[in-house]
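Chain by chain, the residues:
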Amino acid sequence: MSDEAITPRAPGKKIPIFSVTRVWTIAMSTVTQLVRMKTFYFLLAFALLLLVVGNVSFASSPAQALSTLKKVSFGAIDLFAWLFAIVATALLIPRDIEDRTLYTILSKPVRRGEYLLGKLAGVLVVIGVSLAVMFVICSIMIIWKQVGYMADEQAGGGRKEDIAASLALIAKNGFRIELAAAAYASFLKAAVVAAVTILLSTFASSSLFTIIISILVFLVGHAHSMATDYWLRVTDNSMAVLMVLKIFKIVIPNFQLFSFSEGIVTGAALAPGVLWQMTWLTAGYLVVFIFISLIAFVDKEF
Amino acid sequence: MSEHAVEVNNLTKVFRTGIGNQYVVAVDNLSFRVEAGEVYGLIGPNGSGKSTTMKVVLGLMAASKGEAKVFGLDSGDIRARSEIGFLPENPYFYKHLTGAETLKFYGKLCGIRGKKLKARVAELLEIVGLEDAARRRLGGYSKGMLQRIGLAQSLVQNPRLVILDEPTAGVDPVGSREIRDLILRLKEEGYTVFLCSHLLEQVQEVCDRVGIIFEGRMRREGKLEELIKIEKQTAMTLENASPELLAKIEGLVASEEGAAIVETGHPRTTLERLFIQIAERRSKEKASAEKKEEAS
Chain A
1 MSDEAITPRA PGKKIPIFSV TRVWTIAMST VTQLVRMKTF YFLLAFALLL LVVGNVSFAS
61 SPAQALSTLK KVSFGAIDLF AWLFAIVATA LLIPRDIEDR TLYTILSKPV RRGEYLLGKL
121 AGVLVVIGVS LAVMFVICSI MIIWKQVGYM ADEQAGGGRK EDIAASLALI AKNGFRIELA
181 AAAYASFLKA AVVAAVTILL STFASSSLFT IIISILVFLV GHAHSMATDY WLRVTDNSMA
241 VLMVLKIFKI VIPNFQLFSF SEGIVTGAAL APGVLWQMTW LTAGYLVVFI FISLIAFVDK
301 EF
Chain B
1 MSEHAVEVNN LTKVFRTGIG NQYVVAVDNL SFRVEAGEVY GLIGPNGSGK STTMKVVLGL
61 MAASKGEAKV FGLDSGDIRA RSEIGFLPEN PYFYKHLTGA ETLKFYGKLC GIRGKKLKAR
121 VAELLEIVGL EDAARRRLGG YSKGMLQRIG LAQSLVQNPR LVILDEPTAG VDPVGSREIR
181 DLILRLKEEG YTVFLCSHLL EQVQEVCDRV GIIFEGRMRR EGKLEELIKI EKQTAMTLEN
241 ASPELLAKIE GLVASEEGAA IVETGHPRTT LERLFIQIAE RRSKEKASAE KKEEAS
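Residue numbers (the numbering used here), protein chains in the order written: chain A, 1 to 302; chain B, 1 to 296.
If you're looking for bench data, these hints aren't it; they were derived computationally from the structure.
Cβ coordinates follow ideal geometry from the N, Cα and C atoms, glycine included.
Any given hint might turn out to be false.
Each computed DSS-like pair below joins lysine-lysine, with the alpha-carbon atoms no more than 25 Å apart [to be verified]:
1. B/K116 <-> A/K14
2. B/K95 <-> A/K38
3. A/K14 <-> B/K115
4. A/K14 <-> B/K69
5. A/K14 <-> B/K284
6. B/K143 <-> B/K292
7. B/K65 <-> A/K300
Only part of the chain A face toward chain B is listed, based on derived beta-carbon distances under 8 Å [as the list claims (entries may be wrong)]:
8. R22
9. T101
10. Y103
11. K108
12. P109
13. E161
14. K172
15. F175
16. Q277
17. T279
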């Protein structure tokens with residue numbers, strides 16, 4: 001060890017109530033952690049999946065082949081987003097507690113809320129980047145196949161009207177910029193799932209428990225209206241039942257609302273303003289879940 | 001009035017166990033003070049309440065009763081934490097980060113940025129002797145190296161108080177001595193060091209004052225010299241003393257009423273010192289052999 005001077009500093013430094021830079025530092029460390037856990041290998045698997053689906057197709061027409069390619073790609077994007085959000089979030093905080101890394105972080109001038117937000121932001125950055133890359137890969141694949149099918153159609157000959165109709169059908173089932181909204185919907189859904197998982201991991205004792213309960217919440221959230229309708233039908237609709245239902249509606253997010261992305265993938269038009277509405281809804285869910293997580297985490301003893 | 005670096009007043013920590021009214025008292029009405037600039041050792045067996053006390057001082061746990069203050073601030077106050085550098089027992093930092101990245105991460109959390117941070121990281125790596133391992137991931141670090149990077153991270157924001165939980169646990173004698181030397185240097189530089197350990201010899205070598213905790217209660221506390229000296233006895237070590245001189249001394253002692261020689265013999269080095277001497281001699285021999293080889 002060297003003989004360099006290591007003088008302590010003068011006292012009296014003020015600590016800001018909330019620091020975006022501290023949140024960002026924790027977020028970037030989380031990103032590095034997830035990247036170095038070889039997370040992005042999934043992207044390679046995704047590219048391979050698209051290559052297989054794009055080239056080994058049993059579809060009867062080019063339009064059907066493109067439609068299948070889109071459904072598979074966006075299904076994979078959605079699956080990756082929510083599953084990754086649950087697993088990554090459920091692993092990060094318990095691991096920090098188990099490894100006592102959290103002791104060294106919280107013994108620095110870091111607020112617990114900043115730590116939670118940093119972890120969530122880190123997971124969302126990785127999901128966001130992954131979804132963007134997946135969307136680009138998938139768009140390239142769809143456009144490439146679409147251009148190929150169109151060229152084949154034109155080269156095949158036939159009546160002009162038939163060719164034009166086929167080309168229109170291929171274009172309808174091919175690439176549309178609205179598909180970006182489908183990827184964005186997956187991102188929003190993943191953000192809500194990650195916030196739910198963060199909440200669970202603030203009081204759960206194991207990652208496995210957090211993962212199982214998060215998946216359960218996710219599945220129940222997909223049957224949100226069905227569950228509430230059923231409940232209202234089979235109960236007496238008393239004040240107590242309505243209260244429980246209200247709590248259920250807050251605690252279990254309605255993931256059905258994010259299903260508009262499926263319509264976009266199958267060719268439906270994107271309703272105006274829906275993205276803004278969903279963004280605000282997601283922000284609302286995030287605020288509620290992070291707030292409850294904070295209440296649970298602030299007084300937690302390690 | 002001097003400022004206390006740590007002030008623990010009537011601290012009690014109770015943990016509930018299971019369902020119902022079952023509970024365990026981990027710390028029971030504990031009070032002590034650590035003065036600014038001293039090295040204070042809290043010693044006790046495993047489960048005696050050392051780590052719980054430390055966690056309350058760090059603000060990681062709340063007291064059931066009583067209070068803990070750091071430089072006059074409540075230990076739960078975030079400002080208190082900018083005054084503290086903490087090295088936990090068996091520290092596990094992010095294995096995916098390199099040594100330099102780890103220090104940068106903790107530095108950023110303390111609000112240090114840019115050139116200042118870069119310079120501080122380089123300085124700390126040099127202080128703990130890890131410049132060569134700066135770009136290696138912590139996953140590949142040995143136990144001693146982890147402990148040293150842990151010490152470096154605890155110093156990153158130049159805190160006034162350094163809290164060390166079993167700082168040499170699992171480290172070999174050479175590494176252990178390096179850490180001990182660093183603790184002494186921290187004291188020389190004006191840091192306050194508060195350490196918990198059950199390695200009594202280590203505590204004896206570095207601490208100014210010691211508190212002995214057992215079953216959550218302070219059993220003895222005071223200056224190390226006063227605690228360990230045997231009031232009625234005096235030690236004298238002679239060099240090149242002839243048998244005649246020894247006989248004279250024995251005669252003198254025998255002539256004094258009530259005085260007696262309790263023990264005579266040759267002083268011994270400790271096994272640890274012997275180990276370090278051999279290790280140092282061997283590394284010097286190796287270095288000189290390498291120099292000779294280069295010269296030839």
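Which earlier hints can't be squared with this structure? 5, 6, 13, 14, 15, 16 and 17
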